[in-house]
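J.: This is what each chain is made of:
Protein chains: 4
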Amino acid sequence: MSRILSRVGISLEAMSQEIEIGLGKKGRLAYSLDDVAIVPSRRTRDPEDVSTSWQVDAYEFDVPVIGAPMDSVTSPATAIAMGRLGALGVLDLEGLWTRYEDPEPLLAEIADLPADQATERIQQIYAEPVKPELITERLHEIRDAGVTVAGALSPQRTQQFYSTVLEAGVDLFVIRGTVVSAEHVSQDHEPLNLKKFIYDLDVPVIVGGAANYTAALHLMRTGAAGVLVGFGGGAVAATRKTIGVHAPMATAIADVAEARRDYMDESGGRYVQVIADGGMGDSGSFVKALAMGADAVMLGAPLARATEAPGHGKHWGAEARHQTLPRGYRTDVGTVGALKQILFGPSHQADGQVNYIGALRRAMASTGYVDVKNFQRCNVVVTPYGR
Amino acid sequence: MSRILSRVGISLEAMSQEIEIGLGKKGRLAYSLDDVAIVPSRRTRDPEDVSTSWQVDAYEFDVPVIGAPMDSVTSPATAIAMGRLGALGVLDLEGLWTRYEDPEPLLAEIADLPADQATERIQQIYAEPVKPELITERLHEIRDAGVTVAGALSPQRTQQFYSTVLEAGVDLFVIRGTVVSAEHVSQDHEPLNLKKFIYDLDVPVIVGGAANYTAALHLMRTGAAGVLVGFGGGAVAATRKTIGVHAPMATAIADVAEARRDYMDESGGRYVQVIADGGMGDSGSFVKALAMGADAVMLGAPLARATEAPGHGKHWGAEARHQTLPRGYRTDVGTVGALKQILFGPSHQADGQVNYIGALRRAMASTGYVDVKNFQRCNVVVTPYGR
Amino acid sequence: MSRILSRVGISLEAMSQEIEIGLGKKGRLAYSLDDVAIVPSRRTRDPEDVSTSWQVDAYEFDVPVIGAPMDSVTSPATAIAMGRLGALGVLDLEGLWTRYEDPEPLLAEIADLPADQATERIQQIYAEPVKPELITERLHEIRDAGVTVAGALSPQRTQQFYSTVLEAGVDLFVIRGTVVSAEHVSQDHEPLNLKKFIYDLDVPVIVGGAANYTAALHLMRTGAAGVLVGFGGGAVAATRKTIGVHAPMATAIADVAEARRDYMDESGGRYVQVIADGGMGDSGSFVKALAMGADAVMLGAPLARATEAPGHGKHWGAEARHQTLPRGYRTDVGTVGALKQILFGPSHQADGQVNYIGALRRAMASTGYVDVKNFQRCNVVVTPYGR
Amino acid sequence: MSRILSRVGISLEAMSQEIEIGLGKKGRLAYSLDDVAIVPSRRTRDPEDVSTSWQVDAYEFDVPVIGAPMDSVTSPATAIAMGRLGALGVLDLEGLWTRYEDPEPLLAEIADLPADQATERIQQIYAEPVKPELITERLHEIRDAGVTVAGALSPQRTQQFYSTVLEAGVDLFVIRGTVVSAEHVSQDHEPLNLKKFIYDLDVPVIVGGAANYTAALHLMRTGAAGVLVGFGGGAVAATRKTIGVHAPMATAIADVAEARRDYMDESGGRYVQVIADGGMGDSGSFVKALAMGADAVMLGAPLARATEAPGHGKHWGAEARHQTLPRGYRTDVGTVGALKQILFGPSHQADGQVNYIGALRRAMASTGYVDVKNFQRCNVVVTPYGR
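Chains as they are written, first to last, in our numbering: chain A, 1 to 387; chain B, 1 to 387; chain C, 1 to 387; chain D, 1 to 387.
Some hints could be false.
As the list claims (entries may be wrong) - Pair ranges (Cβ atoms, derived):
(1) D:334 / C:115: 32 to 38 angstroms
(2) A:62 / D:261: 52 to 58 angstroms
(3) B:115 / A:113: 25 to 31 angstroms
(4) A:114 / D:332: 19 to 25 angstroms
(5) A:114 / D:57: 44 to 50 angstroms
(6) A:191 / D:144: 44 to 50 angstroms
(7) A:265 / D:261: 56 to 62 angstroms
Unchecked claim - Listed below are the simulated DSBU-like cross-link pairs for lysine-lysine, each with C-alpha atoms no more than 35 angstroms apart in a straight line:
(8) A:131 / A:373
(9) D:131 / D:26
(10) A:131 / D:196
(11) B:196 / A:26
(12) B:373 / A:373
(13) D:196 / C:373
(14) D:26 / C:195
(15) C:340 / D:131
(16) D:26 / C:373
(17) C:196 / B:373
(18) A:373 / B:26
(19) C:26 / B:26
Hints were generated in silico from the structure; no laboratory data involved. All values derive from a computational prediction rather than experimental measurement. Glycine is no exception: its CB is placed at the ideal position from the N, C-alpha and C atoms.
Bound-form chain A, shown alone (with noise of 0.2 angstroms):
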């Protein structure tokens, strides 16, 4: 008898994940982060009281925030305002200071494009090629501030730079790319074997995108400190229509923090950082991230808003400057305020692009949880139809 309920039961369990889109296709339905809303309930507490800080390996951050790769987003000096700032800045070791001595008339001219010739002047000025010793002068001036060292490399380019990367000196190893597996084949070259690189490097490994349950459990095996969820950053409607990938933010966190939650019993205990990466436009999906299970959030527009950003109010990714598939726009994200008050504010508008940290205190205060980790197990709803 107990056998038909769990029968009964895994049906239905299954049903409510996949539906048949056609005979003999199935797809499992998928949630935005604009799909759900946290439900506050019986408790509630004072916004000062929570804690917002995080942790990943030994390295600790008073807020649970990590600016992009992207050249609109972290340079050095920008990297070194989020670290002072109590956040982390990656930068990215194939963006144009690494390309070039001095990007700054160039990130002007980026800027300055009219927006229909944009990704084709990026193409050409991404074409040249990245220079090692620029590797080591960038993250030298990082670390000469004092702050969190963190670098980005595509998994391509891993093999050819990474001990560049690691005598110049990282705290914290990046490798991010559109779609990333801890198994690559290859026919003509030996790819990267993540799990043998991981094992081998002494600095600690964050590594994605990945967005399913196999894919980051897999990636979490290679021994990564943390996996970054999401494919194309905030290029998600780019990728979708060129590529037909796409894997919604809210299901995608919360399927990668189960298999975190796997892995970390199969593992005897490590625990990986699972970090939502892109397609975060306003404080209200940075809380909703955390809420459905991640534990630090890498955000690309928000911070491209800040009057210190490199990208001058504009925001591009590394899709956007592929050669041949450009699967991303130069888009424009206005300036809204200093780095300091994007993320605590004070706010003058009630748009969700000033005061992340606030708008996470008051998220957590509302919903009684005293920690980001508590957070993850706050309440939530699916509405269905908009709004």
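Position chains B, C and D relative to chain A; hints supplied.
T.: Structure of chains B, C and D alone, referenced to chain A:
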């Protein structure tokens, strides 16, 4: 056998409520008033034959309408006007009328501010301290007009000002915040003990917002005469954008109505008023809020559109004046007619902005119900895909 | 064992129909015609080979089209024109033609009113009393042309004017209101007893709107020859906005069609015509209304677009002229061609506004059905997420 | 016991497919390509390592792309260009090229027509009869270039012109209509017996559109080498608006792919090509069509955007030229690059209009599949609420 059925029954029940957003994270489906509609069935009635009266504690009202404690809606003058029309106006005791001897010039200034500068100037204007003597003066003005007197404080200020309020004399005491719980925790001060506070008070208390079964049940257990349902008043979209919190109203009202039923049982018959608060932009939504189980509705924008409204066609709430994290805008609602016409018609447009009570009467007549309490049982549909 | 299955079966059945909006409040999922689409399958047919004829009582029509009793659609002249084209025109016996000796100047004035003043002026124009002698005159005019004569009254006016109508002579009597029930209750007057009224009458009666199984079944039991399905004609959006009432048409038609089946059984074979009334803005919706189970469709806006239409390219219904609570607008539908062309083509645009019968023929041919009755069984899909 | 489970299982299965629109009318949930997205999992691959080749009968192609038989897409010249690029171009044998000796001036005229007059003028232009000698001439022109020759007729004209086509010589014969069934019924003429026709023919036949399991299975049983999936090509919205017919593509492709599996079993191994036809407006949709089970995709608008396209940046299909019931528009698709660039890049915009094959390679690489046939098994999600 029956156990199988009930077990299966329970699972099915749960399914219609909860969905798996991702592995290990479930969320409940929640519906807005826009998602639902009323369906007449086999009996109709004359609109003149229905009763729209409403009662809380010893106070009776001809219509189930409460003017929201917002400076754009309820001034001493409009509170009196609402009272004379059979409704209830609640004065915000932390608004302009208790901060300034003569707020009229400031109301005019706010109405004239350019949209992009409004929030910052509003923050400045509301930085002026609340003056106890003005609380007294304003409440006396309303009392002298012979209508029911009601004033609202936020939970944060209740301990500071409640004795002033009681001495000035109110018939109904409203404690209203974005999220109010029966169990607030604070590290550096003794929070308001709602249960003790309400028990000690001689006047009936209406408290909220709450938006789910548990939170509302706990508020009911404090002895409150009424519970406000909703977060963020009319600032729903901004609250969701800034802190990720949202409780769609159709679901929230129905949940709190269920808490009322269960609390009535556990308390041996105490009936707590369920008051839908905010987001009712047209008379259709007002009617549907009652159909979902509300006993009365607190209206903001609809009454801010009155010729007499202190906001001069603009509208803003407490969320919009928060000093570091505003979660609402000053919106432009326009002016559509006198308060009396907005409530009782005649209407000369089919946009649901005029003749709220006429609309309620017609909806009740179309479904055959004679009073608001019975109308709560009317049939509704969920229209999933728009229109 | 079979009881388990049937119980489970019943629960599953219910699930696909009812969802829990909140604790203790359920609502049924309801679908609009926009939500559904027809899917051809394995057999096709020549469009010339299908029959589009329709019959109510002794009256046969070439096409299942009824001109709505709205002043912008049906005048004595267009009722005659519709009759000659094989359709049926129903004159509104409480419209301008029975209030004014010469309504033409008023029709022209209404057509020219600025949008924001239209409702108020329409309310004034329709404040003029209905004149029995004009009812007689208009019906005689239609009768003299040799086409089927049909006139409509509201339930409120039926007792006052029906004898005038009968003496003037009609073939079909239509009682049409926003919501019409078989059991209307009134405190200060004896309401129309539909069952007795219809029983005593010699002419067949078409009555509505109703929009669910129960309401329609009760109307069928009054002896009506046809039931109108829908509330608010083309004013669906305004009705929902003003009084919260809405019955999406795909679900409403299917429900009423089921009531027809059950009533046919309980009455020993009486077949009541199901007439979809309103909200059919294009030929695709017209076709889908029949596919959902309607025997004929009452068209408003589509026929108001005729060169001959009395509304001069504008369109409004009884809801728009209510003296205190208008629930519809005078809308601008434009003029697209002669009545004949709207019904039978040719069309020179792919917007579904011309060649309604050609569209029906093609849809029937694509699905292989030979007549409208069989076409009601065609396969449809629900397309949940737009397009 | 197992019977209980299977019975319950069947019910659950059905539930995820069919919903009750109203009492007694069920409809299946159907999904568009916009509703689904591809999700990478644990294995990735180099884009260079995947194969995009496709084969129908003895004809092999480098890329699974077919130029639609539409005058704005495929002329003799572009059919040749497509062939040389590894794709297949199908000439519409009832289009301008077989009605006029020199259609170029007419193509230019159509491109310049004002939008609101385009349909009527197109109807006039296509009223000119098809000339058999031009069929011969055009096919010879393509043959002489040494590429695979394919021409399309509508089912209505197949009997009249097929011998001309066969004598002229084609490699692939396409029978394409809005809805094509294996069992067409006519009262006044002997309809095309597809089964006998295809059996008698020496060349392989591709036939459609069909859009569900049953219709496709019956077409497969006629002996067709390929089945076109879809109704109305790019004119989906207009077809739905005019005649209410719509078959969302994700569901349609998956259904027809299942028919292919079942037919392969019943026929002892005959593999029928499933060709998604129409509605693929960007490379993401093209990729997703293959992911749903298509073997190749017939492209209209994407190739009409080529510099070489005969439509000069405008696009229209057979639906738009119907003499009495047009179900499509001449749309303005613009010009984005040479045919070669549209297929193979490089792209300088992230809008999915350029580099279709690059997009396919990347999607296959991201999911680890080596060829199109295996890629059909890739994981997808349904993203119910937009984005």
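J.: Going through the earlier hints one by one, which of them does the structure break, listed in rising order?
T.: The structure breaks hints 7, 8, 9, 10, 11, 12; every other hint is satisfied.
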